[in-house]
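Novice: Each chain, letter by letter, is given below.
2 protein chains.
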Amino acid sequence: MKNIKITSTGSYLPNTKITDKELEEKLKLEKGYIKKRTGIETRYYAKEEKIEDMAKKAVLDLLKKEEIKDIDLIITSTTTTNNLMPGISNYIQEELNIENAITLDILAGCSGYINALDVARLYILAGISKKALVVGVDILSKYVDEEDVATAVVLSDGAGAILLEETTEEKMYFSQIEANIDKNKILTCKSDEKIQMKGKEVYKYAVTKTVENINKLLEKAELTLDDIKYIVPHQSNIKIIKGITSRLKVDENKVYKNIKDVGNTFCGSIPIAIDQMKKENLLKDKDKIILIGYGGGLNTGSILLEI
Amino acid sequence: MKNIKITSTGSYLPNTKITDKELEEKLKLEKGYIKKRTGIETRYYAKEEKIEDMAKKAVLDLLKKEEIKDIDLIITSTTTTNNLMPGISNYIQEELNIENAITLDILAGCSGYINALDVARLYILAGISKKALVVGVDILSKYVDEEDVATAVVLSDGAGAILLEETTEEKMYFSQIEANIDKNKILTCKSDEKIQMKGKEVYKYAVTKTVENINKLLEKAELTLDDIKYIVPHQSNIKIIKGITSRLKVDENKVYKNIKDVGNTFCGSIPIAIDQMKKENLLKDKDKIILIGYGGGLNTGSILLEI
Chain S
629 MKNIKITSTG SYLPNTKITD KELEEKLKLE KGYIKKRTGI ETRYYAKEEK
679 IEDMAKKAVL DLLKKEEIKD IDLIITSTTT TNNLMPGISN YIQEELNIEN
729 AITLDILAGC SGYINALDVA RLYILAGISK KALVVGVDIL SKYVDEEDVA
779 TAVVLSDGAG AILLEETTEE KMYFSQIEAN IDKNKILTCK SDEKIQMKGK
829 EVYKYAVTKT VENINKLLEK AELTLDDIKY IVPHQSNIKI IKGITSRLKV
879 DENKVYKNIK DVGNTFCGSI PIAIDQMKKE NLLKDKDKII LIGYGGGLNT
929 GSILLEI
Chain R
629 MKNIKITSTG SYLPNTKITD KELEEKLKLE KGYIKKRTGI ETRYYAKEEK
679 IEDMAKKAVL DLLKKEEIKD IDLIITSTTT TNNLMPGISN YIQEELNIEN
729 AITLDILAGC SGYINALDVA RLYILAGISK KALVVGVDIL SKYVDEEDVA
779 TAVVLSDGAG AILLEETTEE KMYFSQIEAN IDKNKILTCK SDEKIQMKGK
829 EVYKYAVTKT VENINKLLEK AELTLDDIKY IVPHQSNIKI IKGITSRLKV
879 DENKVYKNIK DVGNTFCGSI PIAIDQMKKE NLLKDKDKII LIGYGGGLNT
929 GSILLEI
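Keeping their order, the protein sequence lines are chains S and R. Just so we're aligned, residue 629 is where the first sequence starts under the numbering used here, counting upward by one. Just so we're aligned, residue 629 is where the second sequence starts under the numbering used here, counting upward by one.
Rather than coming from a laboratory, the hints here were simulated on the basis of the structure. Computed from a prediction, not measured in an experiment: that's the story for all the values here. Note that the Cβ used here is the ideal one computed from N, Cα and C, for glycine as well. There may be inaccurate statements among the hints.
These stretches of chain R come out as covered by chain S in the derived footprint (C-beta under 8 Å, 3 or more residues) [unchecked claim]:
{"hint": "1", "stretch": "710–717"}
{"hint": "2", "stretch": "728–741"}
{"hint": "3", "stretch": "745–755"}
{"hint": "4", "stretch": "816–827"}
{"hint": "5", "stretch": "921–927"}
Listed below are several chain R residues computed to face chain S (Cβ distance under 10 Å; list not exhaustive) [what the hints assert, rightly or not]:
{"hint": "6", "residue": "702"}
{"hint": "7", "residue": "806"}
{"hint": "8", "residue": "807"}
{"hint": "9", "residue": "874"}
Input sequences plus hints: build the corresponding full structure.
Specialist: This is the structure:
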């Protein structure tokens with residue numbers, strides 16, 4: 629029986645750090661407003677870089693050279709690409725000089741990384757891929773209306789990457805992915821427009837649907853939250869994360885958070901978090917973790933996997 | 629053992645028909661130039677419509693109402709979407725009023741429909757989906773430089789859709805999907821730019837790589853072209869299609885062509901062709917066909933499936 633294993637991780641945050649102080653002055657907000665409402669202190673903007681360059685840097689952070697040549701599948705999730713063709717995955721292939729691979733980019737809202745990881749696993753299970761690179765990247769600063777407090781104080785740029793490999797070790801994996809109709813268009817972005825977000829409605833959707841989704845996932849896995857070492861939520865906003873934590877009645881220490889330093893990076897969010905957890909040595913062999921994505925679509929998805 | 633079966637097809641071409649005559653006058657080309665070079669007589673432009681509306685119309689062409697509610701997976705391939713979130717698949721979900729489904733859009737160049745179909749099959753094989761809607765749509769008129777003869781005479785707008793269902797019947801399926809580095813950037817498009825194509829280099833790539841790709845596919849399937857009822861190539865340009873036909877040494881009548889009337893619709897190309905073949909009653913139960921995609925990326929892919 630084939631299973632999947634995370635064998636390496638990487639991430640990249642751009643150089644331009646934007647502090648709350650800077651944004652509060654610009655937006656004429658009182659001191660402390662942003663931290664209080666969002667839990668964010670800093671976010672990063674890619675001033676000169678292209679989105680594909682950010683993705684490449686996350687991948688280069690991950691890989692040892694001898695691992696590159698065997699990669700046979702590259703999937704990138706994004707919501708802010710301008711690379712219609714070649715796609716970001718093609719640019720990564722070029723950077724790594726991989727002669728032949730399956731490459732595709734996935735658009736599935738802020739939770740697209742969940743879809744990307746799930747598709748990569750199916751390719752590994754089917755025996756088509758043995759070593760898959762799954763990347764999440766967004767360059768939200770380009771799609772932020774600088775005067776829109778709701779998005780300007782939250783959104784950030786970043787990229788993360790995971791190397792997923794076939795293993796014969798027993799590794800539990802379950803996913804629960806769904807999309808619901810966004811009747812009121814509470815979270816939208818066109819390639820030639822800025823991101824529009826109705827904060828209160830997004831909060832309500834995110835907390836309610838995510839908790840429902842995780843409960844379905846746990847039921848499928850026949851596990852409870854006691855069996856889970858860490859929950860890694862999409863780092864959207866501290867209030868949403870706290871809302872989910874409280875509704876799940878789960879110990880706050882089990883819920884990984886890096887939003888204070890990183891901000892909300894959409895598709896970069898989950899792989900950046902996993903990379904940081906790896907680098908902080910938080911993840912041990914056989915730990916069961918739950919990744920949670922939610923956002924535009926409305927797409928919601930969670931994955932329970934074993935390290 | 630689970631297999632997949634095409635249970636319904638649909639397509640949509642916009643109302644505004646553009647003739648060679650019109651384009652030849654506009655581009656100051658001699659009469660007959662376009663037909664001779666490309667094999668195309670007419671193409672269709674979506675003047676007022678949005679890409680998601682074209683996709684919806686292809687899907688509505690396909691479905692009987694009682695079939696809709698069970699769709700649990702919607703995958704749309706495109707190269708020209710401006711719908712970063714919600715995606716086109718989300719808009720289709722909304723149009724069909726499907727309460728819950730997995731939805732994602734795939735960017736993988738002109739051959740993205742091959743990737744979309746392949747991913748949908750993996751979801752069905754894994755038991756996660758029972759009824760998947762796989763859509764291909766492009767609105768190339770928006771990305772055409774009207775004065776660039778190479779692309780202006782070839783590109784067209786269109787959408788196609790296939791309903792893919794789980795079956796326990798024996799149905800052969802093989803896929804061979806690959807991407808190679810586009811060193812010389814012979815076929816590119818950014819969301820804020822027009823499509824750039826180096827015609828001669830695209831011809832060379834398309835014919836060479838596609839033939840290699842099909843040979844790998846046949847080897848995997850342990851079949852020869854004699855076992856194949858139809859080859860359905862991406863309808864890019866009659867010269868490329870003829871080049872592939874001649875290199876494969878396959879009977880020209882086995883190679884389905886609708887490019888004369890439809891033009892090159894990128895991701896719409898293959899599902900529109902399959903829909904037309906179904907409507908022309910060309911496809912019978914147990915026929916083995918090969919679908920071939922190639923284009924920007926450079927992504928190349930073929931699927932051998934049994935009707």
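Novice: Each hint needs a verdict: does it hold in this structure or not?
Specialist: Going down the list of hints, with the structure as the test:
By the rule of at least three residues with a Cβ nearer than 8 Å to a Cβ of chain S, the coverage given for the stretch 710–717 of chain R holds, with 7 such residues. For the stretch 728–741 of chain R, the stated coverage by chain S is satisfied: 12 residues place a CB nearer than 8 Å to a CB of that chain, which reaches the threshold of 3. Against chain S, the stretch 745–755 of chain R contributes 5 residues with a C-beta closer than 8 Å to a partner C-beta. That satisfies the three-residue criterion, and the hint holds. With 5 residues having a Cβ less than 8 Å from any Cβ of chain S, the stretch 816–827 of chain R passes the three-residue criterion, so the hint holds.
Evaluation of the coverage hint for the stretch 921–927 of chain R: fulfilled, as 5 residues show C-beta separations to chain S shorter than 8 Å, against a requirement of three. The beta carbon of residue 702 of chain R comes within 8 Å of a beta carbon in chain S, closer than 10 Å, and the hint placing it at the interface holds. Because the beta carbon of residue 806 of chain R sits about 5 Å from the nearest beta carbon in chain S, less than 10 Å, this interface hint is met. The interface hint given for residue 807 of chain R holds, since its Cβ lies 4 Å from the closest Cβ of chain S, which is under the 10 Å cut-off.
The interface hint given for residue 874 of chain R is violated, since its Cβ lies 25 Å from the closest Cβ of chain S, which is over the 10 Å cut-off.
Checked against the numbered hints given earlier, the structure breaks only hint 9 and satisfies all the rest.
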